[in-house]
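> Based on these hints, arrange chains B and C on the given structure of chain A.
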Amino acid sequence: MTPPVSLAGVTFTYPGAERAALSDLSLDLEAGEIVALAGAAGAGASTLLLVATGLAPRLVGGTLTGSRTIGARRCGIVFARPWTQLTGLCSTVRDEVAFGPASYGAPREAVLEAAARALEQLGIAHLAARDPSHLSGGELQRVVVAATLALEPDLLALDDPAAELDPDAADALYAMLPALARAGTTILIATPDLDRAASVATRALALERGRIVRDGAPAMVLT
Amino acid sequence: MSASARAAGLPMAWEGVSFAYERGADVVRGVSLRVAAGESVVLAGPNGAGKTTLTRMAMGLVRPQAGRVSVGDWDVASRRPDEMARRVGYAFQHADQQLFARSVREDVAFGPRQLGRSDAAVPAVLEELALTECAAVHPYDVSVPLRKVVALAGVLAMQPAVLILDEPTAGLDREMRGRVVGALRRRRDAGITLIAISHDRAFIGEMAQRVVTMKDGRIAG
Amino acid sequence: MIGYVAGRSPLHRAHPYTTLALAGTVLLTAFAMTDPATVWVLVLAGAALGAIGGVLRSSVRTALLLSLPIWALLFVLYGLLGGDPRVMVGPVSLSAPGIARALVLGGRLTAIVLSFLTALATTSPHRLVEAMTARGVPFGRTFLLASTLTILPRMRERAAQILEAQQCRGLRLGGSPLARLRALGPLALPLILGALAEVDEQVLALDVRGAAAGVRRTALDPPPDSAGQRTLRWGLLALVAAAYLWKFWRMRG
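Protein chains in written order, with the working numbering: chain A, 1 to 223; chain B, 224 to 444; chain C, 445 to 697.
The set of hints was computed from the structure by calculation and includes no laboratory data. Since no wrong hints were added, every one of them can be taken at face value.
With the C-beta cut set under 10 Å, the calculated list includes, among others, these residues of chain B facing chain A:
id, residue
1, Asn270
2, Pro368
3, Arg397
Far from chain C by the CB rule (all over 10 Å, computed), these chain B residues:
id, residue
4, Arg286
5, Asp296
6, Glu351
7, Ile427
Where a beta carbon is used, it is the ideal one built from N, C-alpha and C, also for glycine.
One chain only, chain A, in its complex shape:
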């Protein structure tokens, strides 16, 4: 079975940047892993998410050298700021969550089912008929995560997903991840919230200046 992501000696530089964001980075992920990425701002954690999901350099520009194999059939990514991830065109949460499955032309019933399932998973079925533009940051972030999960990605990248959430909602979000991983999804989380990350991660990487400086058990890496 192809691993979801395999990177060998990857160096990635953003367009117009002097310094490489990722330097000679090698990483093999396995299905069902939950990997926490720790590092100061600029260390490369967010960039690694973009490279692992194939969004860089395709949509972001820049140059990538080295070898990269993405075995994941479908990737999902969630950023910290929810409102920039909405289509802005959906008048209900249900439609927003259904946007992904609808994009792939699945039949209407299957689309609505996938949306309903994702809403349940995030505990926001009660928001289905609400207008996304009237939701709080916390509620909105859960909508965005639901919208990403509706596509059942094999590889899920999360960039500080709980930044807008209050402690209970943040706990609930992280608590969801082990079940997803058991079902086969590989999860990559970049976050400064090392305690929560450590509570669910099966592996942790510490990044510094675009390189992996530590790779191992969360308890050891994330102290």
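Just chains B and C now, kept in the frame of chain A:
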């Protein structure tokens, strides 16, 4: 105003304030809260409890439909937000909406200059928050979390008597967080009044002299 | 008031293509026509559309605000620089044919603005997207069109947030024209820079959710259409074509 007088904090009071948006849901219901000069209070509670609306009243961004808000001897109802900025430094949760200058240093100096105050405090604030290295960089060329620190620096540089902060540590990595908390602790110790909305349990432990929990528009407990 | 306003008027409930066709007919015909009678019929048609859409008062108000400077310019330009015969309006001598010309141009502008605003106010971006999706239009195009419709309300919201943030840093609103001009930088720059920064993230987020999938999207709630509406749209298209043909025939002859 002399420098030492500015270093002292001012008391704040919300007296029986209420506010509801046009569409109906009451956001703040009959809240009364007094914060003594130099006190450090954290507002906690679930999203949607009314915390942000309450703090926005202090700047005159939201006018309560009932009740009164005062900062020291100023009644907020008779002041514009830019006047309130002379006494209250408000750090928004999302920094991007204010950054615009050619460089981090210029942006941090904007507040003091607008208030007609000297920008002599700017280099010290930049140093305190480890921004000296990127002082000449355009604010939008620094990382998103760092932009938040830049915005906070801009507020601290105005040397207000009262600091109101909406989620000051959200999204910051360990090092940035340490710097921010250190800067706030120094202000608290100097007697500045501090009111913060925060979900960060560690921050509450380190900084709060009093925790006020809000729920459904009211103060709980 | 520029932007979509929810409602239950016939224009709101019609298929989005029909609403756009009605407004577009007034708009396009106003571009072509130059004789006073037709122009005033078009202005009335534009107003009628606004009334049917339940947005007449706000549309007229906004239309006047937007077009007043141009009306003034037209009157000054054509009124002062036009030919004889001249007529006394108060202390000023204005050209009669000049005034007539200004009225026609102003009328065309007003008809265009009124119909455009009505279209904007009565077309829900969401329903338009659903309508276009049901017709098989690729998402890139629907997104572009629909985003253009929502851009103004979004900008307005952002601008309000930026205004607040800068006021809290001591920026005083109002004051001398020079002060207002200086306030433009701190207000406009975050608007533009912030919008650009957010577009980057949005492109990534939407791409991952299949916006560029290249497959025909599933429409979830396609707005109902009818044979009557389709006939109406073809009729309107024919009307616009006829108007332009007539214009070119007159220009030649």
